[in-house]
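Heads up: the sequence lines are chains A and B, in that order. Numbering of the first sequence is given in our numbering, commencing with residue 378 and proceeding in unit increments. Numbering of the second sequence is given in our numbering, commencing with residue 64 and proceeding in unit increments.
It is worth saying that the hints were derived from the structure and are not from the lab. Be careful, since some hints might not be right.
[Claimed, not checked] The calculated lysine to any residue pairs, modelled on SDA-like cross-linking and capped at a C-alpha distance of 25 Å, are:
1) B:K249 to A:G545
2) B:K150 to A:L623
3) B:K255 to A:A519
[As the list claims (entries may be wrong)] Sample of chain A residues lacking proximity to chain B, with all beta carbon distances greater than 12 Å (derived):
4) F397
5) L408
6) F448
7) V455
8) M507
9) A579
10) F609
11) V656
12) V662
[To be verified] Under 7 Å between C-beta atoms, here's a sample of chain A residues computed to sit facing chain B:
13) L438
14) A525
15) E526
16) H527
17) T639
Virtual Cβ for every residue (Gly too), placed ideally from N, Cα, C.
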Amino acid sequence: MATDAVVVKRSAGRRFAGLFHGRPRLQIGSLLAAPMAWLVILYLGSLVVLLVTAFWTVDPLSGSVIKELSFENFEELVNVPVYREIAWRTIRTAALVTLTDAIIAFPIAFYMAKVAGRKTKALLVVAVLMPLWASYLVKIIAWRAILAEHGVLNWALNPIGLHGPGQGVTSVWLVMSYLWLPYMILPIFAGLERIPDSLISASEDLGAHPFTTFRRVILPLAFPAVVAGSIFTFSLTLGDYLAPKLVSNEQFIGTSIFDSITNNQPFAAAFALVPIVVVIAYLGVARKLGAFEHV
Amino acid sequence: MRRREKGSPARTAWFVVAGLVAFMLVLAGCGGGGSSSGTSASGGGGEELQKLGKGEGELNLISWAGYVEPEWVKPFEQETGCKVNDKIGGTSDEMVNLMKTGQYDGVSASGNATARLWAAHEVAPVNTSLVPNYKTVFADLKDQPYNTFEGKPYGIPHGRGANLLMWNSNDVKPGPESWEITLDPKVAAKYKGHITQYDDPMSIAEGALYLMNHEPSLGIENPYELNEEQFDAAVELMKEQKPFVGEYWSSAEQQIEGFANGSNQVGTTWQYQYFALKGENEPVAASPASQGFLPKEGATGWSDTWMISVHAKHPNCMYMWMNYIISPQANAEVAEFFGEAPAQEKACEHTENPNFCSEYHAEEPAFWKRVYYWETPLAECSEGGETDCMDYNDWVRAWTEIKG
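Whenever a hint applies, use it, and build me the whole structure from the sequences.
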């Protein structure tokens, strides 16, 4: 009767639970099935589609994709000098942006982590995070106005006989360095905070010059954090297309992909593999430098 | 106790990725067979509409900036009950790509998009008997190679105009009368960093047009039909221009902003930007009416066509739109708003400026001989059936190289 029904119900639930008993692989498998499906099918799957598309071509007039295996896109990428130039320009800018951000971010992060009091520290963290609240497109357009011929930069520079960079690679470097700075400050800040103050005191007690302490104690310990930050600044610059479109007249990998997407998607896919390869190589180097030790 | 598997997680991950790649490659191979067998005819697609039915209540358009504006869209919506959703296309390439999504009913395509849309089977022939206003469209806009394929009309002419040379009248004095200000390195150097050029392969035709006038030995007759020697010369000219270009603009808004903030001082533009800047009292000028709005070499230009998608979900609304936009009143409004010559003869009686049509040479076929409408460059030159012309792919590639 009523009690019977409860017994039956329980046993169904138990039987279901029993399925998992003693089967740790099934337990973990069913727990991870949904996120793994997301990662493998949607995330890696779309990368695979990209890879496959790179081997297709388009019909010259209609622009329709011809789904036949061909190495035409890769031959063009390698043989036409302009694409090498674009790739090189992009990688060079990404490296410069990374270097600039590292140089600016380190003192800020150091002050935040080791010098500032609790209140100032909180205030600085908010100040670093604040720009991330505004849309990145808005920030680029604001820079466009700043760098404009009649913009605020020229207004400030003209009286002392200087002129802003106008539209060009220099502007891209400036804008990107601004955009990705928080992504460099935060990892370095986190890395520096992890260095115990006692190590610095010990170095001082042993009579080390502050510069020696910095060079022999702080820098080696914080270096993996700098590399971690550089992954962000480098790969974000490598893939961006809006900043080059809006503040320069030069082509970058991102803008070339954007331009090709409208009439030659397979070529765009092939070009998109270039930053992927570069970033994989970069990650390999970063791993060697210990960027992932604390992840 | 069961024994643990030996494989490391990294190795398992590689197996998964390798498996996926193999699977996708198989999929890619299968896809190839299916799609290539599906396309047999040379171009176009679908059947023309035989009878106009009731409006479907909605209409999805792709248009150039300034072609679909509330002033004339509202009356259309009230009249037909078709709610208009408009997507602005910045370039012809973008329009072709948007049309390929199959989500739009129609597009205001320029001559450098029409042939490609037709070849990609994206547009359907138009039954002009269902578009009563078509009868009074200017004769020299009908049955043109850019709107008629294999003898069938594939669209309704919208209007035409020339690409303008625009300059900031404070910075550029006196007003230029020739394209040399942007294309002759000696003259252009004066405006280094402040010249602006449309970011589209069609800009190469501007170089070709310039050479047509200044290097007659090249024998260029049509700036869109260039053999290798002529093409290389035009590309070389555009490469020489590159160091002086401040911005290759790809959207009307971008250029308006560039001229307003002083970064751009002289360059190619459309009437839309010119009038928008004028409306903001910016000090811009363009070739005056006394020069026929054209620099002395003539100009590249466009003759636009409303085309209907083969995938149109609202074909009746699209036919109503095509008829409406060339109705005398609406065509006059759009022509005057944009600053182009109307396609509709009777529109000239409805313009607010009574001299509008004569100022824009709407009724003078001879004038339009100096305006070279955008075309899709094809390998086959129209004269003598030669096939040594550079095709659109060559143009696209060259444009990337020009920008460096």
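Query raised in the report: Among the hints numbered above, which are violated by the structure, and what are their numbers in rising order?
Result: The structure breaks none of the hints.
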